[in-house]
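Order-wise, the sequence lines are chains A and B.
Under the numbering used here, the residues of the first sequence are numbered 1 to 254, in order.
Under the numbering used here, the residues of the second sequence are numbered 1001 to 1589, in order.
Read the hints as simulated data drawn from the structure, not as lab findings.
Any given hint might turn out to be false.
Looking from chain A toward chain B, a few residues come up when the C-beta cut is under 8 Å (computed) [to be verified]: (1) G33; (2) L74; (3) R83; (4) T99; (5) L108; (6) L123; (7) R233; (8) F236; (9) R237; (10) I240.
Just so you know, even glycine gets a beta-carbon here, dropped at the ideal spot from N, CA and C.
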Amino acid sequence: MEQILKVEGLCRDYGRGTVTHAVDHVDFSVEKGEFVGIMGPSGSGKTTLLNCISTIDTPTAGHIWVEGQDITTLKQKELSRFRRERLGFVFQDCNLLDTLTAYENIALALTIRKTPVRQVDPLVKETAQLLEITECLNKYPYQMSGGQQQRTAAARAIITQPALILADEPTGALDSKSARLLLERFEVMNQLRQATILMVTHDAFTASYCHRILVLRDGAVFAQLERGNQDRRDFFRRIIDVVTELGGDQSNVL
Amino acid sequence: MFSKLAVKNVGRSFRDYGVYFLTVAFGVCLFYVFNALETQTVIRYLAQHPRTNIVGAIQQLIGILSVFVWVVLAFLILYASGFLVRRRSRELGTYLMLGMERWQVARLLLAETAVTALVALVVGLVLGVVLSQALSIFTAGLFAVPRTFFAFSISVPALLKTILAFAAIFLLVMLYHAFTVSRRKLIDLLRARRVNQELKVRSLGASVFFFLAGCVLLVIAYAMLLTRGLLRVDALFWVMLGLGSLGTLLFFRALSGFLLRLCQSNKKLYYKNLNMFILRQFNANINTTYRSMTVICLMLLLAIGITATSVGLNNTVAQMADQTIVQDVELAVWEEKGEIPDLPAALKEAGFDPDEQCSRWLSFPVYRDEDGHSIMIQADYDAYAAAWGQEVVDSFVDSWRVRLVPQVEEGLTADRCYFLADYAGDAQTTEEAFLAALDQAHFLYSYTYTTKLSTWMELMGTKVLVLFIGLYLGVVFLVASAAVLALQQLSQAADSAQRYRVLSRLGVSERMRGRSVDIQVFLAFFLPLALALVHAVVGMTAANAVIAQVGKVDAAASSAVTALLLVAVYGGYFLATCWGSRKILRASA
């Protein structure tokens, strides 16, 4: 299997004097077509890790390779290009441009890559169909539900066929029904398009859709769970067990 | 404690306060320069000449106009401080949430405003003094005033007036702050940044209709102006102004929708780079800005119109000064009981010796026949022509409809006697000697005189008045509209920081984002200017028709000066706004 992402000895410190190790020597890798989740209580460094991988933040030490390219050595200009061509994003908020319709939001990902105009329309429509948002393509973000907005963001992330899709708490602001719809779409993206997805979440239910889960605590990998051929429900129970173990006597921290 | 927090706040939100600070400092500077007119070398030169009361008239006019300028500046500063409060509403909300009383927050804002205002006032006054001196040197050169008149000076009344005027503005600002803080709900303050504005996109039909309606109204107004002329102020004149303004409003209101639809129909253009985003952004903003765009367009029109007209008029006046009289002095004494005096002898007796104090002089009588026509002797005509040239004497003959005769005939009576002379030596002292002699001479006769110097003084006064006030008002309007635009663009940049952050994450390079900002600022600056220029060309055509009745219009010079001023002030603001917007967005990315 082709390796898409490889993280080695990644550290990210904050502050001067008394240094906080937000991410502390993390190693892991993601293969092509995998759906990987990162879990952990708040303050465990999962968002910092994702920010480093998405090149929004720069690590203090360590290396990140995406498709064999070390992105920690890229310059500002190359970073923009890298984000534009190799990454897709779905964030909890600040996702869609409120001045653009859903259609235009999705198309924007193509136009900034200078995709020929005649390819834009078929690509947008096809992707919208995949994420089941065809009926709200001409709506503005404020006219759509949270779930529709997130699926639009997912469509925007996948339309450029990136090497890696990064999702930061995508279900964080959604009700359970919308969350399930979105996660099912993630699965479809993963299966039909062989999209490689790395998702940060603190929710065990959301995490249970992944193939593999990294559990972080205090900036380091605390446990790794493989779903294998397990049923999602069984996997969910296993996750809960780990969460309980992680939390010790305070099992509600997650 | 509060003063400490206030001073620290000003320091911290320096970028936000920067815009406000610049606006106030610039306003103070302009206001001082305008009111400190008496420190101007040209004005002092005119004032020391006792026979021209033009300076008093100028200062009176300035007094009235500065009220007008004050109102414009007050609005500008209020707008700037509104922008400031809006940007910091979240911070203010946090203070309230932490349990500060509303009056305490208001007091905090007050203290911050006071700190900024005080510094801006001092900086503005220093700038004003420097600028007025620079302007003084510049205009003195322009009007060829002797260098000896130049001296460094500060106008205390203008200083006091400026301080008072701005104290009043700050009082207004403080009231406004107190009002805003006490009225706004906490939830609105905290969530100010997350307000989702509704985007109204009008249908293509409506956009096209409004756009065309605006154009038609403008064309009607233009046609009325050009056929009726500028000076017929009646009911129809106001209808014309109303049509023009309404046309401008409709034009801007429909423009963005029209532009958007037009570009959307061209997929190749629309789906290219960030074009889609830029157009949408522009469209989203114009729903709130079309009114201010209209006002700015009209202000720009005033700026361009006033500047161009005043420069054009100024050149016309200058031409008139050269044409009016050729001799340094022209004295005419009318007959009394059929007698005319021997002018050179009378002047010499009174202490002014023409042979000594004039480089050349001529005295001759003019007669009248039974029908009252003026008659001149051929010999005098020849002497006149020899002294000042054929052209000059011919224009004299033409203006009085003088008939030439070889010698004095029967039936002619002496009507008046002329004394024409060019001074020898210093014109100023010679003229004083001449005027003193004229007072001394006790002519029993009625006399009139014009001297080149006094005519020049009068015309110079008019010239300074027209040019100075025209340029000043032009600059004030230009600065006011440019500053409003700059503030609006900066606040919009701050509001759309979130969008640019998303773009940055999507991998839009900094160059591309910068270009998008520049285009938006350019559209905001250029569109009102473009329409204002069209307005101005039509308006100037009408205005020049009026000026042309008085003298020749120098269209090239007036256009050049206006263009220069426009490029300097407006262009400067445009570049600064681009830079500022980019900086705001870079900081947030």
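Against the structure, the hints:
1. Look at A:G33: its Cβ only gets to about 23 Å from chain B, farther than 8 Å, so that hint breaks.
2. Below 8 Å, beta-carbon pairs count as interface contacts, and A:L74 has none with chain B, the closest being about 12 Å; its hint is therefore violated.
3. Of the supplied interface hints, the one on A:R83 holds, with its beta-carbon coming within about 3 Å of a beta-carbon of chain B, less than 8 Å.
4. Because the beta carbon of A:T99 sits about 4 Å from the nearest beta carbon in chain B, less than 8 Å, this interface hint is met.
5. Given the 8 Å rule on beta carbons, the hint for A:L108 holds: about 6 Å separates it from the nearest Cβ of chain B.
6. Nearest Cβ of chain B to the Cβ of A:L123: about 11 Å, over the 8 Å cut. The hint is violated.
7. Interface restraint check for A:R233: the shortest CB-CB distance to chain B comes to about 35 Å, outside 8 Å, so the restraint is violated.
8. Taking 8 Å as the C-beta contact cut-off toward chain B, the hint placing A:F236 at the interface is violated, the least distance being around 31 Å.
9. Annotation: interface hint on A:R237 violated; nearest CB of chain B at approximately 36 Å, more than 8 Å.
10. Taking 8 Å as the C-beta cut-off, the interface hint given for A:I240 is violated, the closest approach to chain B being about 33 Å.
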